[in-house]
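**Q** Sequence:
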Amino acid sequence: MKTKFVSAFLACGFLFTALSASAHHSFAAEFDISKPVNLKGTLTKMAWVNPHSWIYMDVKTPDGKVENWAIEAGGPTALLRRGLRATDFPVGLEIVVEGYRSKDGSPKANGQKVTFADGRNFFLGPDDAANPGAGAQR
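Just so we're aligned, residue 1 is where the sequence shown starts under my numbering, counting upward by one.
What the hints contain is simulated information worked out from the structure, not anything from laboratory work. Treat each hint with caution, since some may be false.
[Stated by the list, open to error] The list that follows gives simulated cross-link-like pairs (lysine-lysine, BS3-like), each with its CA atoms no further than 25 Å apart: (1) 65 x 35; (2) 60 x 103; (3) 40 x 108.
[As the list claims (entries may be wrong)] Cβ-Cβ distance ranges computed for the label pairs, FRET-style: (4) 44 x 120: 17 to 27 Å; (5) 96 x 75: 33 to 43 Å; (6) 83 x 54: 16 to 26 Å; (7) 26 x 118: 28 to 38 Å; (8) 104 x 83: 28 to 38 Å; (9) 63 x 87: 26 to 36 Å; (10) 86 x 34: 29 to 39 Å; (11) 38 x 118: 10 to 20 Å; (12) 82 x 62: 31 to 41 Å; (13) 40 x 105: 30 to 40 Å.
Every residue gets a Cβ at the ideal spot worked out from N, C-alpha and C, and that includes glycine.
My request is simple: use the sequences and hints to build the entire structure.
**A** Next comes the structure, spelled out in structure tokens:
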């Protein structure tokens, strides 16, 4: 009986570890450090989800078309520690996002900094240790 319990416990542990690992990825697996982007546009949605929050924004291309970009940001807790709140991201807000484009060329990027129209800017990465001095710049 004890052996069955231990086996079941270990199997569950391996399953949860595998699921967690598949949901999370490294920067280098999905984004290209040699392809920086600077996106100016209108916020269409902000998803405060783990392990990464997502900013969705409409960006006008040079030929006048509008693309909806998905911008990966740090998790909600990291953003809250920097002073950001869900209320800072109303739909229709004009923002500028600096980051790195996805390797597959889709309109997706890893966000490094968001700048609001009033000049405030915030580090968007996963944790402040990755960017000493991150947070609000006033």
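**Q** It remains to establish, for every hint, whether it holds in the given structure.
**A** Okay, the hints, checked on the actual structure:
Between the alpha carbons of residue 65 and residue 35 the distance comes to roughly 21 Å, so the proposed pair stays at or under 25 Å and holds. For the suggested pair residue 60 and residue 103, the alpha carbons sit about 21 Å apart, so the restraint of at most 25 Å is met. Between residue 40 and residue 108 the alpha-carbon distance is near 14 Å, which keeps this suggested pair within the 25 Å criterion. Checked against the hint of 17 to 27 Å, the pair residue 44 and residue 120 passes, with Cβ atoms roughly 20 Å apart.
Checked against the hint of 33 to 43 Å, the C-beta distance between residue 96 and residue 75 comes to roughly 22 Å, which is inconsistent with it. For the pair residue 83 and residue 54, the supplied restraint of 16 to 26 Å holds, since their beta-carbon distance comes to about 19 Å. Look at residue 26 against residue 118: about 34 Å separates their beta carbons, and that is inside 28 to 38 Å. Distance hint check for residue 104 and residue 83: the Cβ-Cβ separation is about 33 Å, which falls inside the suggested range of 28 to 38 Å.
Separated by about 34 Å at the C-beta atoms, residue 63 and residue 87 satisfy the suggested range of 26 to 36 Å. As the Cβ distance of residue 86 to residue 34 is approximately 33 Å, the hint placing it in 29 to 39 Å holds. Here the CB-CB span from residue 38 to residue 118 is close to 18 Å, well matched to the stated 10 to 20 Å. Range check, residue 82 to residue 62: about 32 Å between beta-carbon atoms, so the 31 to 41 Å window is met.
In this structure the hint that residue 40 and residue 105 lie 30 to 40 Å apart at CB is violated, the actual value being about 20 Å.
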